[in-house]
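Chain B: place on chain A using the hints.
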Amino acid sequence: MVPPVETSGASGFPAVNRIEIAMSENDKGSGPGRGEISPEEREALKRRSEGIGRRLDEVQYRQNVGRPQNNVRGAAYGQAFKIAAELVAGIVVGGGIGWFLDQQFGTLPFLMVLFVVLGFAAGLLNVIRGAQQAQAKAEHLQRSAPSVPDDQDDEK
Amino acid sequence: MAADAGGGHGPMSQFEIKRYFPLDLFGQDASFTNSSLFMVIAVASITLFFAAAMRNRALVPGRMQSLAEMSYEFIANMVRDNVGDEGMKYFPFIFSLFVFVLVLNMLGMIPGTFTVTSHIIVTFALAALVFLVVTAIGFARHGLGYLKLFVPDGVPIWLMPLIVPIELISYLIRPVSLSVRLFANMMAGHTMLKVFAGFAVSLPVFAKAAPVLFTTAFTGLEFVVAFLQAFIFTVLTCIYLNDAVNMHH
Numbered sequence: 000m001v002p003p004v005e006t007s008g009a010s011g012f013p014a015v016n017r018i019e020i021a022m023s024e025n026d027k028g029s030g031p032g033r034g035e036i037s038p039e040e041r042e043a044l045k046r047r048s049e050g051i052g053r054r055l056d057e058v059q060y061r062q063n064v065g066r067p068q069n070n071v072r073g074a075a076y077g078q079a080f081k082i083a084a085e086l087v088a089g090i091v092v093g094g095g096i097g098w099f100l101d102q103q104f105g106t107l108p109f110l111m112v113l114f115v116v117l118g119f120a121a122g123l124l125n126v127i128r129g130a131q132q133a134q135a136k137a138e139h140l141q142r143s144a145p146s147v148p149d150d151q152d153d154e155k
Numbered sequence: 000m001a002a003d004a005g006g007g008h009g010p011m012s013q014f015e016i017k018r019y020f021p022l023d024l025f026g027q028d029a030s031f032t033n034s035s036l037f038m039v040i041a042v043a044s045i046t047l048f049f050a051a052a053m054r055n056r057a058l059v060p061g062r063m064q065s066l067a068e069m070s071y072e073f074i075a076n077m078v079r080d081n082v083g084d085e086g087m088k089y090f091p092f093i094f095s096l097f098v099f100v101l102v103l104n105m106l107g108m109i110p111g112t113f114t115v116t117s118h119i120i121v122t123f124a125l126a127a128l129v130f131l132v133v134t135a136i137g138f139a140r141h142g143l144g145y146l147k148l149f150v151p152d153g154v155p156i157w158l159m160p161l162i163v164p165i166e167l168i169s170y171l172i173r174p175v176s177l178s179v180r181l182f183a184n185m186m187a188g189h190t191m192l193k194v195f196a197g198f199a200v201s202l203p204v205f206a207k208a209a210p211v212l213f214t215t216a217f218t219g220l221e222f223v224v225a226f227l228q229a230f231i232f233t234v235l236t237c238i239y240l241n242d243a244v245n246m247h248h
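If you're matching them up, the sequences are chains A and B in order.
Residues in the first sequence are numbered from 0 upward in steps of one, following numbering that gives the first Met the number 0.
Residues in the second sequence are numbered from 0 upward in steps of one, following numbering that gives the first Met the number 0.
Hint data in this document are derived by calculation from the structure and do not stem from the laboratory.
Built from N, CA and C at the ideal position, the CB exists for glycine as well.
A couple of the hints might just be wrong.
Unchecked claim - Listed below are the simulated DSSO-like cross-link pairs for lysine-lysine, each with C-alpha atoms no more than 27 Å apart in a straight line:
1. A/Lys136 - B/Lys147
2. B/Lys193 - B/Lys207
3. B/Lys147 - B/Lys17
4. B/Lys88 - A/Lys136
5. B/Lys147 - B/Lys88
Said to hold, decoys possible - Some chain B residues flagged as far from chain A (calculated, every beta-carbon gap over 10 Å):
6. Tyr19
7. Leu96
8. Val98
9. Leu131
10. Pro155
So here's chain A without its partners, still in its complex pose (with noise of 0.2 Å):
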């Protein structure tokens, strides 16, 4: 994308500017009210500013790219585990209140075995939760990831 064109630009462009300004300012001294500045200088400055904006914005970006990947790696492995160990839970919690319930009210199979099959029910259920909810924050994420990050930084 942008970086590697302007990296060259950015990183060249400051040094010269600020010995540029150094000069300038010592050239004047204590000469014309602080207020002025004389148009090669605000070039100058302008140059500068945006060569610094620049840089900021590919620290920025660099920083966002790393990001994600890292995440999105971390983020599936957790989302492994999670399913796994809500199904897990779901059959082990299912069984265990129909074994509960069971010893109750002495009807040792049959309520057990429905309530497996009802935790197993639950386990997917959260599994499905868990999925929507992930899919619906990452499809957050793509849709609020600024297309051209330079612009919006440069207006402040």
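The following block gives chain B in isolation, referenced to the frame of chain A:
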């Protein structure tokens, strides 16, 4: 590892509970164990770290202070994203939970230490606390209306006898899946590490490189898992909290 010196050398010996100060409280075993010791170490180091990090309260933070601020912002954003601004009321709870689990996981990565979170009773106690707190918040905020959580919208009446028990069970599963996930990850990872480290000792010299390389790489992965599981534990707590705070979401 130092932990092996006393007991056996099996991959599971690292999870053994050792009683340092036997104590019997009303017929319950309340001994001070290596597990308790590491919980105390965790709490002490967390307290010390945050106290030291925020001592200067500099406008431009130093290394320690920015670490403290980063962890604050990390959890604060998580709570805002998942629960909304209403959820910031419960930030201290979520933050303590995250830091406690994270430090316990990370302490376990130091060779010779004991991994508290590799015991399901500990993770289940934490998850049960989350479950009870979230349920209490739900009932406190919505009264009996919180029970509507178990009656989803747009379900025909004749399906209710099936749906309501399923919803109820899927709610009751939460503490179990939350605790099983954390404990299973920590225990499986540490066992794997120990098994492969064992291969490095028992295999003939020419084959030692493979288990050593694997153990090294796997140690890195374990650090990721230690962080990730603390993160997931906290995110899920936030998601559960979201159900309790704003029911229709």
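Verification of the hints:
1. For the hint linking A/Lys136 to B/Lys147, the alpha-carbon distance of about 25 Å falls within 27 Å, and the restraint holds.
2. Distance restraint check for B/Lys193 and B/Lys207: the Cα-Cα separation of roughly 15 Å lies within the 27 Å cut-off, and the hinted pair is therefore satisfied.
3. For the hint linking B/Lys147 to B/Lys17, the alpha-carbon distance of about 46 Å lies beyond 27 Å, and the restraint is violated.
4. Of the pairs offered as hints, the one joining B/Lys88 and A/Lys136 holds, with about 23 Å between alpha carbons and a cut-off of 27 Å not exceeded.
5. For the hint linking B/Lys147 to B/Lys88, the alpha-carbon distance of about 23 Å falls within 27 Å, and the restraint holds.
6. Once the 10 Å rule is applied to beta carbons, B/Tyr19 is consistent with being away from chain A; the minimum gap is 32 Å.
7. A cut-off of 10 Å between C-beta atoms confirms that B/Leu96 is not in contact with chain A; the least separation is 17 Å.
8. The claim that B/Val98 lies off the interface holds: its Cβ sits roughly 19 Å from the closest Cβ of chain A, which is beyond the 10 Å cut-off.
9. Non-interface call for B/Leu131 relative to chain A: holds, since the shortest CB-CB distance, roughly 16 Å, exceeds 10 Å.
10. Once the 10 Å rule is applied to beta carbons, B/Pro155 is consistent with being away from chain A; the minimum gap is 17 Å.
Of the numbered hints given earlier, the model fails hint 3 alone.
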